[in-house]
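Protein chains in written order, with the working numbering: chain Z, 2 to 329; chain Y, 2 to 329; chain C, 2 to 329; chain L, 2 to 329.
Don't read these hints as lab results, they were simulated from the structure. Just to be clear, a hint being listed does not mean it is correct.
Where chains are identical, the list cannot tell them apart; a pair therefore holds if satisfied intra-copy or between any two copies.
Stated by the list, open to error - Think about it this way: if two alpha-carbon atoms lie no more than 30 Å apart in a straight line, the pair counts; the simulated BS3-like pairs of lysine-lysine are:
hint, residue 1, residue 2
1, Lys165, Lys106
2, Lys165, Lys229
3, Lys229, Lys166
4, Lys229, Lys106
5, Lys165, Lys183
Protein chains: 4
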Amino acid sequence: MTSEASGGKFDLIAIGRACIDLNATEYNRPMEETMTFTKYVGGSPANIAIGSAKLGLRAGFVGKIADDQHGRFIRGYMERAGIDVSGLTVDTEGHKTGLAFTEIKSPDECSILMYRDDVADLYLRPDEVDEDYIRRAGMLVVSGTALAQSPSREAVLAAVQAAKKHGVKIVFELDYRPYTWKTPEETAVYYSLVAEQAHIVIGTRDEYDIMENAVGGANEVTTANLFKHAPEIVVIKHGVEGSYAYTREGGTFRAHAYRTQVLKTFGAGDSYASAFLYALIRGKDLETALRYGSASASIVVSRHSSSDAMPAVEEIEALIAGQPVPHA
Amino acid sequence: MTSEASGGKFDLIAIGRACIDLNATEYNRPMEETMTFTKYVGGSPANIAIGSAKLGLRAGFVGKIADDQHGRFIRGYMERAGIDVSGLTVDTEGHKTGLAFTEIKSPDECSILMYRDDVADLYLRPDEVDEDYIRRAGMLVVSGTALAQSPSREAVLAAVQAAKKHGVKIVFELDYRPYTWKTPEETAVYYSLVAEQAHIVIGTRDEYDIMENAVGGANEVTTANLFKHAPEIVVIKHGVEGSYAYTREGGTFRAHAYRTQVLKTFGAGDSYASAFLYALIRGKDLETALRYGSASASIVVSRHSSSDAMPAVEEIEALIAGQPVPHA
Amino acid sequence: MTSEASGGKFDLIAIGRACIDLNATEYNRPMEETMTFTKYVGGSPANIAIGSAKLGLRAGFVGKIADDQHGRFIRGYMERAGIDVSGLTVDTEGHKTGLAFTEIKSPDECSILMYRDDVADLYLRPDEVDEDYIRRAGMLVVSGTALAQSPSREAVLAAVQAAKKHGVKIVFELDYRPYTWKTPEETAVYYSLVAEQAHIVIGTRDEYDIMENAVGGANEVTTANLFKHAPEIVVIKHGVEGSYAYTREGGTFRAHAYRTQVLKTFGAGDSYASAFLYALIRGKDLETALRYGSASASIVVSRHSSSDAMPAVEEIEALIAGQPVPHA
Amino acid sequence: MTSEASGGKFDLIAIGRACIDLNATEYNRPMEETMTFTKYVGGSPANIAIGSAKLGLRAGFVGKIADDQHGRFIRGYMERAGIDVSGLTVDTEGHKTGLAFTEIKSPDECSILMYRDDVADLYLRPDEVDEDYIRRAGMLVVSGTALAQSPSREAVLAAVQAAKKHGVKIVFELDYRPYTWKTPEETAVYYSLVAEQAHIVIGTRDEYDIMENAVGGANEVTTANLFKHAPEIVVIKHGVEGSYAYTREGGTFRAHAYRTQVLKTFGAGDSYASAFLYALIRGKDLETALRYGSASASIVVSRHSSSDAMPAVEEIEALIAGQPVPHA
């Protein structure tokens, strides 16, 4: 029994979906013409947990998996990755594992065919979130997609209440996916509700616009609003232009993207988050943490999967060392 | 055009359901044996708005009514009661008005046969809540039942966010009704979420237990938790034993119930809330406000309806003056 | 124990809904202005069973009622009317009794405000239809509305299969109500399916158009199609113009409407059906049976309720005798 | 434009689901350990249409596909197989393609992980079934699974009504799959309803038990009941013991299974049906048709897919010729 399972501490616990990615084995063609698919674990919070574990963090996961071959594959893969899975519950009502068929027509044209209707992860219930488990974490990483539907929504809100009660830092990865959300207003209500209670908020500029139910929002306005509430660090990503980190104390930091041979665009955000959080947890300064995030993202977009491709610390640090002046 | 409709201020705006009560015309027998029913407006927030208007407050209402004869009756009744109904929207998807058939077997044995499935009030959407309307209120009165289901739930959360943004005091009437809520955990999550953001919380001891998903909770624990967050006044009602008001500063006040000839138990809480809030708004001290609440409740339980029976100020004050030492 | 309950024969068994009618006590005004409602049993097949029992037939009923005061009222009323209710099951899943609030603005302007969402009668299941009970009937009277939704739809189809297997005559009262049906095509599929298996089909011209998913259909075409299958008698009602009965052998009969002081239009069809079937069962010829139907309908439209107002044989026969030459 | 598309005749039109099979590329291990899947068209009626077209029949298909890469793959594959797809409609409400992940642990231990919730094929509506298209067929092949849910259920019932009206022979492939059916009684109601209207009924003994909502049914009873209605030929399959064909005139024929190297058990029924119907359409006698069915099934179970593996006529005839005395 690991120290985690027996009551030790976790660097972070991620909560939300763990799914199956089915990546077209043949690249650079429409999915109608691909005949084989390779299976990986997927889903933003699962990927962040896997990425963190691969970097050496003690990671836990809270979620719900289907009672079938795909669910068991997910559990087995996460265990082998070193994640504590004692917070995983198994669905007993016949819900299936979420699927993402990925299509890579070209490095710029990637799309995903999602199976998200009534999937097991959205059926995690608040009574299945153990307050004692959450309190053992340094950080609780919440994925926005888990807020899309009841009862997963209430499970996450209960986890957030537990984290606040026990002084666990809350990290909110906006991770917006249009599927399952019903209206922009509903989305904005829950994104605002959780962002205002989080300590670290991470997302793309587009995702913050979703949170604000607005178009073309400005980082200054977003951060001014969030810093009236709990947030201490707000990370806003602008794609190839790089990313910005803002602090409640008024600091602004920027990281550029690293050059790489892009195969596809999936998985960049999750690898970014895991390396960024890793660096913060290891005591790096914010600017360095941004660089870890960027470097990790660059590595994953050059590889076939999102989870299996998560880099080791050495790879990230080698890339940072090798590109001391990132391209503008 | 009233000053309210043209942009003036409201003492309070209530948000939530407005329904139809069908009260058995024949008393003291099971409903199987009653043959006629009298129609009234009902629903906790509607009753509070009606009670407040009858006491002379400038009241507004935000809700959704069915596009049928019952919906039009509700709108007409509220308008005639002096409530601003510009925040009422009409359902366009065929949802019906909620119904409550009341049965008065004896003063102690009252029951309600509820029609609450897919009723119009639960379909109020967040985009139908006007932030500019909410900001014109001194108080926003939120009813817990409106949190039971989407999209009404998100409409209320959006109203709470608007009220916080514009410095409008939030009053949370727990108003717990078992229908439509799915699980105790879900209920507790949303009750806690809104109670922690409210300035005044009002409910029975049983309702606070629902909020805490616990049994036999203690007022001291409840208030200690709530005073860590936004609440300034917490009112906890203990039925015939009377009610308590607690303040963030540490004050505790108690009001006794007034003697009356009880006909039925319906409507006591709503008349309590409207008179209590009326007194606070008029600048009475907390102890006096509790007395107004108790007196108003005593009057309503002696009458046939909940809304139509709401007392005038003179009646409340006469009862208080006539029973200077309330029975213990 | 009655002979019916102990295994005797029934003249007819009706299957489908038994609901509550709430008739505005005040006439000739919009419902917004009516304040009291009188409660009656309602629903086409319940009314037909009540009408039949009042005429002296041995009637049974198969349906599902809510586990509440309204459900118990229905059961009690039907029992007192002399109907065998051993085929009634009680809903255990919290479904409510269907309601119909009636509005009588004028004899020509009547409307109904229906509560039909998720009502108990639509939850009758096929395993709750007892084949041995059905086989004891001379006729099975099926109401089209019971086909609107699963599992009531399958319960009726199972009852029809049982009736066919045991040589029980099937009477199909089209009884079309727009609520709960989803599309015209779906409606047409099930109406055709049952009509083709029935021996007697009764409906208005408009209802046959619904069955054919067509507009302005001709009686000749309708009957030509139906007589290719099981039907032996087809009754098509044309409102004030009277009604027609067609036989498989080629006969055509017409009945005129009887003069009366019309109070409202509700309930005419059900009283027509019960008197028409009564006459057939008592061995009257088809032309006489049509007259019984018309006379019974005329009596009910002059009275306040649909069920309670069902006439006795003497009343019907007195009206027929008193108006030997019906108005054209 | 083919003669079919321009109004010619079809040997058969199949109606129902067309899905995606994802067959584990690695055999003889649990799916948790398989990493790649190969994509095929699947679904009983699609397979029968593909099998028939491969045998040289003029085949059409009526169904609904998702508006995505999987849907377009299905359409393209069927077109290339020579099937007329003008009866295919594209879902516009975001429903997904049904999926079947197959697991081949050993030739005897095969299982399927199904994604059937809210899939596009179950949303075929009755107004999307063209009566003029159906009338052009010699046979309409109905799959029982399409009856599992509305509106696909009503679409099939409408197709059956159209076929009856225009003298098109109805073939009912019971094709029972437990997913999506709610209760045994509901299943039995619709299976009986369609079987009684079909001319040829094909299924396993277990499937006939489902139709009768009974256990351990006898072929004699099943056929006695069905021959009271429309059926002329009833085929009942008993797995390795072979299959029986019964005729309304009293004939009984038996076919034995052909020896083969079994890889998996999927797809046997569909290949059986297509070859059996092919033989009947080509004028073979019933005993020969049974042999064609058995031989075709034997070929498919030795191959990796269900659709792609459908044999040509020469293969079937070679197998029959090569095993003149099938094993008992």
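Evaluation of the provided hints:
no.: 1; hint: Lys165 to Lys106; verdict: neither (44 Å within a copy, 47 Å between copies)
no.: 2; hint: Lys165 to Lys229; verdict: both (17 Å within a copy, 12 Å between copies)
no.: 3; hint: Lys229 to Lys166; verdict: both (20 Å within a copy, 11 Å between copies)
no.: 4; hint: Lys229 to Lys106; verdict: neither (44 Å within a copy, 54 Å between copies)
no.: 5; hint: Lys165 to Lys183; verdict: both (28 Å within a copy, 25 Å between copies)
In summary, the structure is inconsistent with hints 1, 4 from the numbered list given earlier, while agreeing with the others.
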